[in-house]
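Colleague: Line by line, the protein sequences are chains C and R.
Each step along the first sequence adds one to the number in the numbering used here, with nothing skipped, and position 326 is 326.
Each step along the second sequence adds one to the number in the numbering used here, with nothing skipped, and position 237 is 237.
Hints are supplied without guarantee of correctness; some may be wrong.
[Claimed, not checked] With beta-carbon atoms standing in for the labels, derived distance ranges:
#1 C:G336 <-> R:A98: 52 to 62 Å
#2 R:R366 <-> C:G336: 36 to 46 Å
#3 R:G242 <-> C:A311: 57 to 67 Å
#4 C:F166 <-> R:S369: 45 to 55 Å
#5 C:A199 <-> R:S369: 50 to 60 Å
#6 C:Q323 <-> R:G364: 51 to 61 Å
#7 R:S368 <-> C:K338: 49 to 59 Å
#8 R:A383 <-> C:G336: 56 to 66 Å
#9 R:S368 <-> C:T347: 14 to 24 Å
#10 R:S407 <-> C:A304: 24 to 34 Å
#11 R:A383 <-> C:G25: 34 to 44 Å
Keep in mind the hints are simulated off the structure, nothing from the lab.
Backbone N, C-alpha and C fix where the C-beta goes; we use that ideal spot for every residue, glycine too.
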Amino acid sequence: MAAVDAGCDFFAGYPITPATSILHGMMNELPGRGGVVIQGEDEISSIGMCIGAVAAGRRAMTASSGPGMSLYSENIGLAIMGEMPLVIVNVQRQGPATGSATKGADGDVQFMRWGTSGGFPMIVLSPENVRDCYLLTFCAFRWAERFRCPVIVASQKEVGLTREVFDLEEARESRGPEVVRRKAPADGAYLPHDFVHHADVGPLSPMGGSHVVRFTTSMHDKRGWLTKDPEEIQDMMEHLSRKVTDCAEEMVVVDEDLQEGAETLVVVYGVTARAARDAVDLARERGGLVSLLVVKCLYPVPEARLRRAMAETRRVVCPEMNQGQYVHEISRLARGRKVIPVNKMNTELISPGEILKRISADLFQVDEVSGTGPGSGSGGGARTGSGCDRDGL
Amino acid sequence: MSGGSYSTEESYSFCPGCGHARIVAYLEEALRGFGASPEDVVVVTDIGCVGLADRYFATNAFHGLHGRSITYATGLKLANPRLTVVVVMGDGGTGIGAAHLLAAARRNIGITVVVANNFNYGMTGGQHSTTSPEGALTSTTPRGNLETPLDLLGTLRPARPSFLARGTVFDDGMGSLILRALRTDGFSLIDIWDNCVAYYARRNQLTRKTIHAFMEEMGMPGGVIYEGDRAEYTQAWREQYGVPNHLSSVPVDGVSSAVDLTDTESADLNLADADIEGSALEVKVGIVIAGSAGQKIRSAATILGGGAIASGLWATQKNDYPITVRTGPSAAEVVLSPHHINYTGIEDPDVILVLSEDGLSYLGRRLSSLSEHCTVYVEEGLAGQIPTGPRIIPLPFESTAKTNNRSALAAVGIGAVLAGEGLYPVEAAVEAAREIQKESIARVTAKSLDAGALLISGMG
């Protein structure tokens, strides 16, 4: 829905659990709106068709999971090189390789950051719920156009295939500025890779439009012509990096819930943020002081915000559904603070209890169930006591 | 169009005598004959020596990754069917990108593919390729190639694309053959046998004089090999989806086609206005429904969640089922809460609904660690298999469903759970069924929910 609202009118994808529902959804939504949807013969062709469609003026998206992301890898580099706006949804699943195909994990975090040759910055957004899927996908389209580069939405099975209450109209009102494709003026010469300052991002002109346009996978100058000139090449490298890194402050999306006097900070992203919120609530109910920072734009890393949130703390707890990935970003900013990873990759969610245990062992204890038992008899009274209310404790 | 307007007039960087220069000239000649404006032509080049060809065309040029040129060309054509899209690739590209070539021919997408087929990888030092003949001497087959060469046209022909032809760089009329391909609506490919003067031709004595005998020896003659009459893909697609032309034509100004937000009709639940008595639930409740595939577990869970929403609760639903249908277990986890739900997992279920043996085996280990506050609603014949601990309520779901409708077994179970647990009024679930399901199915669901609720009140 966010993609459609953002003006996406081209989708190519290859079936893969747990991302197939997006292919089906686009199949339902786009054709009636003048959009094109196609099932590629594989993930390589799917992303390739998207890049071709963008070159012809469309707004494109593709969606896959870990194995497909692996096949996207080379073409992600092409989209960076050719400065093509493109949204890639990675509904992560547990793995390496085929892994547990129908189960969730956040195992691709560093892979999404460093997933193509050459080592260029990536923009990676991480939703924790359905509302975020809408807002961050919309945002991904905006930034893909703003920076003319691929943007990844890092969902996962536990986000993408969970049904929950969601107010679409509220999300539409909250989504921020519209997605704008800046187009080159029809008259005059067009430089596909124009910039004065390295961080400048020029407009697009579609093939089949007013200009003859050149696109190449090879090192090129501002006109899109192959170049071997080391100075020109370095200039272009600076441009491709700095248009993203110089604007990192624009891409800070965090949800901060800091508590005065807290010595412990929980830094978390994706679906695990939901358990962390419960864990932090429980810790506070039990008299603990604890701060929470949910990172929704993983890359560029919101370094200044992380440093500020950590400033008064002594311990940083980093729960994530992998063997420890984003914790490396935290560790390099932690400056001597104790960094406590909480990792699980057994296909199950990390529970609030597992996080609470690492926030403070003292606060972690099982209370007796309070309230009345479950209602019985016909149309019995409402429940007031529950196991789920104390989940994972 | 005047002659020469498709050329950048750059001097060629190919090895002296290389057939690639001829192929570039043939394509320019064909484009001149075709006459589309250079702004509406895209030359897509693959990787390899012939991949350098894009710089000689004053048209749009797209030089992409090795073997993937067909995919970019397909995307360009799908995005804007008005474009003339030509792919220039080598025999290397037909190997690494073979799947794309086959798919493009099967789709009959309206692109023209010119293959500069020189039987080896010239750019990287003359290694054997998919088209190297048996016995060919290349840098990676110094004792002769052991692989059977790919008959490109013979391979694509069963896919019934619009136009398949073969020739050599030395043949007259290659320009007009390419022009015929350009004038074909669907997928067209010309396999042009080419001489790599640096490696293959030198090592294997391939010359202007021997190339035709070589074709004969290979059983791959020149000329138009096949012409199909299937509809071109983008045209067929537009027809099938009834896409009006003003929408499917290019966003020439770079702005995507208009998207009308007013018709974003949602199949999802919109129960906010339903006149339903609110729920009195005070805590978060975790419910696991476990049964067999085909028992409509997922739909029933959606009704359970939908009814909760209708009565003012928050709800989440997760499903677990095998990749097959109508066999094996199927399960759903539903969390209901009077407050916003963060954590969606259920470590310690409050309610379990077991509908079949499959459901029992799915729950497996979990059954032995259930706590006292958990209530298990279970098909009566299976109750004995639940370890002691939780409160167990055996009920005749199956026989009750049989008198109503077998496919609504899970809905009977949900009705019992709603009545037994007092989560919210059964009417809310009935309302959710009306919103979500087709009328006839919703009626069955409503009866089944009520029948389930009656099982509980009947217990007194």
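Colleague: With reference to the structure, classify each hint as holding or not holding.
Modeller: Status of each hint after checking the structure:
1. C:G336 <-> R:A98: 52 to 62 Å: 55 Å, holds
2. R:R366 <-> C:G336: 36 to 46 Å: 43 Å, holds
3. R:G242 <-> C:A311: 57 to 67 Å: 60 Å, holds
4. C:F166 <-> R:S369: 45 to 55 Å: For F166 of chain C and S369 of chain R the Cβ distance comes to about 33 Å; the hint is violated.
5. C:A199 <-> R:S369: 50 to 60 Å: At roughly 56 Å between Cβ atoms, S369 of chain R and A199 of chain C fall inside 50 to 60 Å, so the hint holds.
6. C:Q323 <-> R:G364: 51 to 61 Å: 26 Å, violated
7. R:S368 <-> C:K338: 49 to 59 Å: 38 Å, violated
8. R:A383 <-> C:G336: 56 to 66 Å: With a Cβ separation near 58 Å, A383 of chain R and G336 of chain C satisfy 56 to 66 Å, so the hint holds.
9. R:S368 <-> C:T347: 14 to 24 Å: 20 Å, holds
10. R:S407 <-> C:A304: 24 to 34 Å: With a Cβ separation near 57 Å, S407 of chain R and A304 of chain C fall outside 24 to 34 Å, so the hint is violated.
11. R:A383 <-> C:G25: 34 to 44 Å: 41 Å, holds
When held up to the earlier numbered hints, the structure conflicts with 4, 6, 7 and 10 and fits the remainder.
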